[in-house]
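Residue numbers (our numbering), protein chains in the order written: chain F, 774 to 996; chain B, 9 to 324.
Think of the hints as simulated: they come from the structure by calculation, not from any bench. In this text, all values refer to a predicted model and were calculated from it rather than measured experimentally. The beta-carbon is built from N, C-alpha and C at its ideal position, and this holds for glycine as well. Since no wrong hints were added, every one of them can be taken at face value.
Partial list, derived from the structure: chain B residues whose beta carbon lies under 10 Å from chain F:
{"no.": "1", "residue": "Ala181"}
{"no.": "2", "residue": "Ile182"}
{"no.": "3", "residue": "Ala187"}
{"no.": "4", "residue": "Val191"}
{"no.": "5", "residue": "Pro302"}
{"no.": "6", "residue": "Phe309"}
{"no.": "7", "residue": "Val313"}
{"no.": "8", "residue": "Leu317"}
{"no.": "9", "residue": "Leu320"}
{"no.": "10", "residue": "Leu322"}
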Amino acid sequence: MAALPFYAQLINLFAALLLLLAFAMLTQRRVLSLVNLFAAQGLALALSTAVVAWGTHQTHLYWSAGLTLLLKVALLPWLLLRLIRQLDVKWDVEGLINIPTTMLIGIVLVVFSFNLALPISQLAATVTRSTLGIAMASVMLAFLMMITRRKAIPQVIGFLAMENGLFFAATSATYGMPMVVELGIALDVLVGMLILGVFFFQIREQFDSLDLKHLEQLKESEE
Amino acid sequence: MTLAGVLSQLLQVALALALAPLLVGWVNQCRAWLSNRSAPPLLLPYRTIRKLFTKDAIVAEGASPIFRVTPYVVFGAMCCAAAIVPSLATDLPFAQAADAIALVGLFALARVFIALAAMDIGTAFGSLGARREMFVGFLAEPALLMVLFTASLISGSTSLPTIVDTLAHREFAIYPSLAFAGVAFTMVSLAENARIPVDNPTTHLELTMIHEAMILEYSARHLALIEWASALKLFNYSCIGLALFFPFGIAPGGGDWLATMGAAPALIGKLAIGGFLLALIEALSAKMRIFRAPEFLGTAFLLAVLAMLVNLLLGS
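Next up, chain F with everything else stripped away, as it sits in the complex:
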């Protein structure tokens, strides 16, 4: 541990923070806090990317850190907050499974992804390779969040959080993707968010609710 350079320790710290925030999102009841947590996760991601850039002198990572900061800390949370205000959905979100059980499943997922990442990270040559497990765990936890939530907005936040995890995996395993790919993904996420925002309004107009279980029925009424 002590042999690691200072910047690698910082990255480890941010990685741990990322995992913690993923868990916090998994167990959060309120939609507004969920958005704030998502913004905080974006901030941790941007900081860790910046530290990787500073430590390994990969200047293009500064750009991607800036992009993350702009997109995931400012723009997307702002869009989400505006959506929540417009849809007037500040209620508590209830999950399909109660929170302590979700946490236990989350721990199992973390153990699973740490185990899974261990042999993979041996193949990578980067200083930050040990954080690959954390990146995978964040992806898994975001998945779990999408599965256990019933309402539309938390599911979308789960989707965005999953993208955070993937991005972190890319940074930690290979020092980031090519700039074109990164820009493409950023645009995708942004456009996806906008389209889903429109969808929310449509869903609510149709069913008077954002509960996605209504979408499971094919016909108007099944008597």
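Please arrange chain B on chain F, whose structure you already have, making use of the hints.
Then chain B, alone, in the frame of chain F:
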């Protein structure tokens, strides 16, 4: 076993016994300030204990010997714990006898006895408090163990003096796992010491009290011992927290007598800050419903397990 070791051991226990009520008084004072009330005197816990010792003890009708023995057992367990936790020095002859797991066992022993005594009388409040206490305890204990295991993983030993020695004299490094463990430990200590998010130490409202409900039937010297023991428990938990997460200023093993003396002001300073922070947490949070406690302590357990996992992943 050296003479200096025995001396620092004795000094440490004496200091714990003397300072524990002061810590409670300090926390109460800070709480009063923060909620804009006029503060009770700093030495009020001492006066309460002295007053209780001069009164005649009344034991409830039909009380079994367990009821009479419990205050002494609880107080004894807390004194033993104060001897094990390295708050001043790590050169503690007594600490060889018990490691971190035994320390958790000591706390459990005290908890079981106080719960038995509460149920022994047969009052409704007593058994209600006892059940709630065991409910909180069985959730808090695994989290506490996980926190201690995380520290043990870093230092490779479950003996508290060794852990503190390793943590205090390592070269500077960021340990994300210790940060997680620190948060988990704070949550566990809030629950274990009957502090606000889980229990309110000042309430005597029937529906919400936990710890107070169990000791309602005690009076005079028994009550004094129990009050003193719960002050000691708070002191012990604070010292464990300080020793694990802020181990600076603790005299190293094999240190001389002067180093131990020098560690005392540092300890008092750290405790004063810690007490203020505890009061701040209490002032800022509201008491939870009792059935939210599993969620609160589940989070603590989760954080502690994450600390261990992160340590295994990043530390290797």
